[in-house]
Amino acid sequence: METVAPPAVAARPRLHPAEFLLDVLRGVAQVDFMPSPVTGLVFLVALAAAGWQYALYALVGCAVATATAHAFDVDRDTVSAGLRGFNGTLVALSFAVFLGAGHLSTFCLAVGGAVTVVFVTSALATILGTWNIPTLTAPFCITASVMTVAAPSFARVWHSGPGLAALPQPASDTTRLDWTQIWHGFLANFGQIFFMPQWYVGLIFLAGILIASRTAAAMACAGSAASLFVAWALGSPSRGIAEGLMGYNSVLVAMALCGVFLLPTAWSFGYALIGAAGATALTAAMTAFFTTFGGHTFTWPFVLTALAFVAAVPALPRLSRRP
Amino acid sequence: METVAPPAVAARPRLHPAEFLLDVLRGVAQVDFMPSPVTGLVFLVALAAAGWQYALYALVGCAVATATAHAFDVDRDTVSAGLRGFNGTLVALSFAVFLGAGHLSTFCLAVGGAVTVVFVTSALATILGTWNIPTLTAPFCITASVMTVAAPSFARVWHSGPGLAALPQPASDTTRLDWTQIWHGFLANFGQIFFMPQWYVGLIFLAGILIASRTAAAMACAGSAASLFVAWALGSPSRGIAEGLMGYNSVLVAMALCGVFLLPTAWSFGYALIGAAGATALTAAMTAFFTTFGGHTFTWPFVLTALAFVAAVPALPRLSRRP
Amino acid sequence: METVAPPAVAARPRLHPAEFLLDVLRGVAQVDFMPSPVTGLVFLVALAAAGWQYALYALVGCAVATATAHAFDVDRDTVSAGLRGFNGTLVALSFAVFLGAGHLSTFCLAVGGAVTVVFVTSALATILGTWNIPTLTAPFCITASVMTVAAPSFARVWHSGPGLAALPQPASDTTRLDWTQIWHGFLANFGQIFFMPQWYVGLIFLAGILIASRTAAAMACAGSAASLFVAWALGSPSRGIAEGLMGYNSVLVAMALCGVFLLPTAWSFGYALIGAAGATALTAAMTAFFTTFGGHTFTWPFVLTALAFVAAVPALPRLSRRP
Numbered sequence: 000m001e002t003v004a005p006p007a008v009a010a011r012p013r014l015h016p017a018e019f020l021l022d023v024l025r026g027v028a029q030v031d032f033m034p035s036p037v038t039g040l041v042f043l044v045a046l047a048a049a050g051w052q053y054a055l056y057a058l059v060g061c062a063v064a065t066a067t068a069h070a071f072d073v074d075r076d077t078v079s080a081g082l083r084g085f086n087g088t089l090v091a092l093s094f095a096v097f098l099g100a101g102h103l104s105t106f107c108l109a110v111g112g113a114v115t116v117v118f119v120t121s122a123l124a125t126i127l128g129t130w131n132i133p134t135l136t137a138p139f140c141i142t143a144s145v146m147t148v149a150a151p152s153f154a155r156v157w158h159s160g161p162g163l164a165a166l167p168q169p170a171s172d173t174t175r176l177d178w179t180q181i182w183h184g185f186l187a188n189f190g191q192i193f194f195m196p197q198w199y200v201g202l203i204f205l206a207g208i209l210i211a212s213r214t215a216a217a218m219a220c221a222g223s224a225a226s227l228f229v230a231w232a233l234g235s236p237s238r239g240i241a242e243g244l245m246g247y248n249s250v251l252v253a254m255a256l257c258g259v260f261l262l263p264t265a266w267s268f269g270y271a272l273i274g275a276a277g278a279t280a281l282t283a284a285m286t287a288f289f290t291t292f293g294g295h296t297f298t299w300p301f302v303l304t305a306l307a308f309v310a311a312v313p314a315l316p317r318l319s320r321r322p
Numbered sequence: 000m001e002t003v004a005p006p007a008v009a010a011r012p013r014l015h016p017a018e019f020l021l022d023v024l025r026g027v028a029q030v031d032f033m034p035s036p037v038t039g040l041v042f043l044v045a046l047a048a049a050g051w052q053y054a055l056y057a058l059v060g061c062a063v064a065t066a067t068a069h070a071f072d073v074d075r076d077t078v079s080a081g082l083r084g085f086n087g088t089l090v091a092l093s094f095a096v097f098l099g100a101g102h103l104s105t106f107c108l109a110v111g112g113a114v115t116v117v118f119v120t121s122a123l124a125t126i127l128g129t130w131n132i133p134t135l136t137a138p139f140c141i142t143a144s145v146m147t148v149a150a151p152s153f154a155r156v157w158h159s160g161p162g163l164a165a166l167p168q169p170a171s172d173t174t175r176l177d178w179t180q181i182w183h184g185f186l187a188n189f190g191q192i193f194f195m196p197q198w199y200v201g202l203i204f205l206a207g208i209l210i211a212s213r214t215a216a217a218m219a220c221a222g223s224a225a226s227l228f229v230a231w232a233l234g235s236p237s238r239g240i241a242e243g244l245m246g247y248n249s250v251l252v253a254m255a256l257c258g259v260f261l262l263p264t265a266w267s268f269g270y271a272l273i274g275a276a277g278a279t280a281l282t283a284a285m286t287a288f289f290t291t292f293g294g295h296t297f298t299w300p301f302v303l304t305a306l307a308f309v310a311a312v313p314a315l316p317r318l319s320r321r322p
Numbered sequence: 000m001e002t003v004a005p006p007a008v009a010a011r012p013r014l015h016p017a018e019f020l021l022d023v024l025r026g027v028a029q030v031d032f033m034p035s036p037v038t039g040l041v042f043l044v045a046l047a048a049a050g051w052q053y054a055l056y057a058l059v060g061c062a063v064a065t066a067t068a069h070a071f072d073v074d075r076d077t078v079s080a081g082l083r084g085f086n087g088t089l090v091a092l093s094f095a096v097f098l099g100a101g102h103l104s105t106f107c108l109a110v111g112g113a114v115t116v117v118f119v120t121s122a123l124a125t126i127l128g129t130w131n132i133p134t135l136t137a138p139f140c141i142t143a144s145v146m147t148v149a150a151p152s153f154a155r156v157w158h159s160g161p162g163l164a165a166l167p168q169p170a171s172d173t174t175r176l177d178w179t180q181i182w183h184g185f186l187a188n189f190g191q192i193f194f195m196p197q198w199y200v201g202l203i204f205l206a207g208i209l210i211a212s213r214t215a216a217a218m219a220c221a222g223s224a225a226s227l228f229v230a231w232a233l234g235s236p237s238r239g240i241a242e243g244l245m246g247y248n249s250v251l252v253a254m255a256l257c258g259v260f261l262l263p264t265a266w267s268f269g270y271a272l273i274g275a276a277g278a279t280a281l282t283a284a285m286t287a288f289f290t291t292f293g294g295h296t297f298t299w300p301f302v303l304t305a306l307a308f309v310a311a312v313p314a315l316p317r318l319s320r321r322p
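Protein chains in written order, with numbering that gives the first Met the number 0: chain A, 0 to 322; chain B, 0 to 322; chain C, 0 to 322.
Don't take every hint at face value.
[To be verified] Which stretches of chain B does chain C cover? Using the computed rule of at least three CB atoms under 8 angstroms from a CB of chain C, they are:
(1) 66-74
(2) 273-287
[Stated by the list, open to error] Computed beta-carbon distance windows for the label pairs:
(3) C:Trp182 <-> B:Pro161: 30 to 40 angstroms
(4) C:Gly234 <-> A:Arg317: 11 to 21 angstroms
(5) B:Thr173 <-> C:Gly269: 48 to 58 angstroms
FYI, nobody ran anything at the bench for these hints, they're computed from the structure.
If you're wondering where the values come from, they're calculated on a predicted model, not measured in any experiment.
Here a beta-carbon is modelled for each residue, glycine too, at the ideal position from N, C-alpha and C.
Can you make the complete structure from the sequences, with help from the hints?
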């Protein structure tokens with residue numbers, strides 16, 4: 000006679016603290032798709048170069064999200080790869096940048112947001128999993144948009160004076176790009192994924208990517224260059240280009256569509272460049288949209304472009320998903 | 000020799016008027032998830048306490064939606080449980096509240112809206128059924144948002160002078176809560192699900208829930224209390240808290256996530272409280288969003304929070320859906 | 000011993016130029032659901048009656064999209080039916096109308112947009128295919144909305160002075176309709192699907208539909224008449240009604256719900272009229288929504304109404320999808 004043991008939740012081996020730390024570092028690195036603890040460390044160094052509080056928020060956000068996922072027994076392989084931590088990193092960091100890192104209210108919200116984003120991720124994973132589409136940074140975008148749009152309605156959260164809501168206006172600044180702006184913008188595109196406009200911070204991020212994958216670093220550069228060209232050609236004000244505001248989404252799109260989710264081929268390279276160009280236009284559109292109610296663009300343009308372009312692959316036989 | 004009878008639509012037994020009336024009362028009760036005709040009656044009494052027209056609109060909206068579902072041969076068990084009526088209740092009632100109950104145009108729109116919302120519900124049921132996610136009040140939110148945003152463009156529908164569209168502003172009113180505001184807000188949170196700010200109306204609604212389910216009433220109270228605390232802690236203006244505007248979504252979220260759709264356990268209780276807190280922030284965010292084009296928040300925050308938190312359950316082994 | 004030949008992408012027979020031209024003409028006709036090259040030609044004549052540039056943009060947009068679909072090896076039957084071209088037609092044409100047909104920047108964007116819309120279509124086809132829901136003009140709406148909302152942020156793209164973003168205002172113009180406005184509006188409803196307000200252009204479009212299908216033409220007329228009545232009854236300003244701005248979505252909804260996607264029956268006829276009425280209200284709502292950030296309504300109201308009403312069919316046994 001055989002008996003079947005019940006699926007015992009408590010039977011899972013306990014998590015070693017060192018293992019947990021590695022999960023967290025992989026989570027920080029997964030913001031740029033890299034499941035490498037070393038890359039995560041380099042990313043924290045990059046953030047510290049902009050301000051130690053930013054590195055702290057990124058680390059705490061990732062740790063809280065990873066711990067939440069463990070507490071609710073999320074599939075351990077998924078968590079170990081850092082895939083339940085990176086949205087927490089970005090949520091906590093975005094609160095630090097947009098609500099002020101020095102306020103206790105911001106820290107409490109960062110912890111709460113990092114818990115919540117795990118559930119949002121699980122929800123999107125259930126739904127998008129139907130078509131084998133990854134959730135990307137959509138959970139971060141949702142959670143951070145909600146809180147930053149809500150913030151001015153809460154007196155103990157909002158310390159920034161008047162709200163940000165305004166009617167979008169046509170571009171009126173100069174569109175002339177000089178050489179310094181070009182290379183600053185090229186590097187800032189890597190840093191703005193983590194909300195940082197400094198060129199040297201972007202350079203450290205690029206180094207972190209390069210440590211984990213040469214293809215990914217190459218595609219990050221291709222995406223950055225493509226967005227620089229498209230933004231200039233369309234006539235985007237040069238100040239925003241130099242701060243990386245027009246290109247960080249294209250960096251992620253290019254990496255996602257050629258190497259990370261699709262096999263790197265000549266066809267997927269062209270596809271990635273079209274996606275990078277589209278993400279540049281989408282960045283301007285979403286910025287106009289969010290302006291009216293005081294929201295931020297975050298990585299929404301990357302999320303929407305990459306979701307669509309990955310979802311399209313089964314109908315486009317020239318392209319293949321990575322196994 | 001065998002013949003196969005065609006699936007005869009007309010062969011269904013006719014619906015008895017008393018049965019139809021019970022379906023409609025269950026529909027009114029289903030706004031708060033309770034498939035109980037007695038609860039439906041109590042809810043109508045609560046609305047009549049605020050104004051007899053409101054009870055009338057709620058009844059007519061539910062009757063029209065239920066009749067439409069029967070006419071199009073929607074699955075009878077679904078309709079009998081009140082699940083095709085409650086969105087009609089809310090659509091008709093919202094038109095009465097926001098377009099003026101005394102206008103003939105409002106009444107005609109309420110009937111038209113209650114017909115339309117049945118099709119919207121069927122559409123969402125098809126799509127969300129893929130993941131076994133309930134449609135909640137999403138069909139109401141969609142239909143009512145469309146009509147209230149459209150209303151100022153129609154001279155024979157809009158009797159309220161200037162439009163509502165404005166840029167959202169940061170909170171500037173006082174955030175001090177006195178004792179009266181606390182208990183008023185606690186009860187108004189139940190009434191605002193039906194757009195009613197009076198504390199005694201909310202009390203009757205709570206009584207209606209209690210008649211059908213003690214767990215549901217307890218979770219409704221927990222959700223209301225959680226949102227009171229979160230709204231106060233974040234610094235929401237006290238006037239809105241006292242009118243129940245910050246908490247009605249949390250009431251529904253707490254009921255949905257601990258008892259109605261998830262088995263009530265310690266884990267789902269905590270999960271429901273996190274959801275209730277999240278819904279409070281989402282309420283402020285969506286209010287800012289809708290302000291720019293003159294829309295209302297309705298139960299969008301509940302719908303989005305509960306959809307996400309229910310969709311997440313398969314990925315969170317600590318939680319279980321109700322069979 | 001048997002060997003299995005690999006699925007050779009290159010083995011597909013080359014496409015004959017005449018065949019390609021027919022695919023493109025069918026694509027132009029598919030804007031109104033008609034897979035007929037003759038109808039496509041008549042539509043181009045209608046556009047040329049409004050301005051030769053419009054016919055050119057429509058043709059180029061459709062050709063670029065069809066060629067892109069062939070290049071990425073999209074299923075040939077789908078492309079031959081014109082189903083990967085019609086969104087390209089609308090994207091290119093909308094850029095000509097809203098960004099100025101005479102600018103080189105507009106032409107380049109039209110080509111880029113027609114390439115991109117193929118990928119957006121493939122993505123939506125993957126996702127909506129789960130429920131056997133067609134993608135309709137959603138890919139066009141997405142792509143054109145992104146670019147027209149983004150345009151004012153780009154100095155080399157935007158040649159129209161101040162932006163369009165404004166707070167929506169209640170209707171204040173006269174709502175009296177005279178006979179000329181009624182028949183102008185009835186015909187303009189067909190032309191506005193292609194952004195053209197002239198009654199005679201609308202008449203040629205109706206002739207093009209009639210050539211391909213009498214049912215479709217009859218439903219187009221029914222949808223146009225229904226929207227005229229609903230817009231008048233609700234009190235929409237007469238100027239917009241006469242230019243076809245309140246009714247073009249209802250024309251498409253009525254065709255889609257009675258004949259194109261659903262079997263034409265008395266029930267689906269009534270269903271189509273309810274949909275046409277709903278689309279009229281949705282048109283006003285979406286116009287208010289897009290006004291705040293300078294977007295256009297395009298055929299969003301048709302897309303959303305028809306998606307919902309088609310998705311609802313499996314739950315409504317009175318209605319049947321076309322096989």
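| query | Which of the listed hints are broken here? | reply | Hints 2 and 4 not satisfied by this model.
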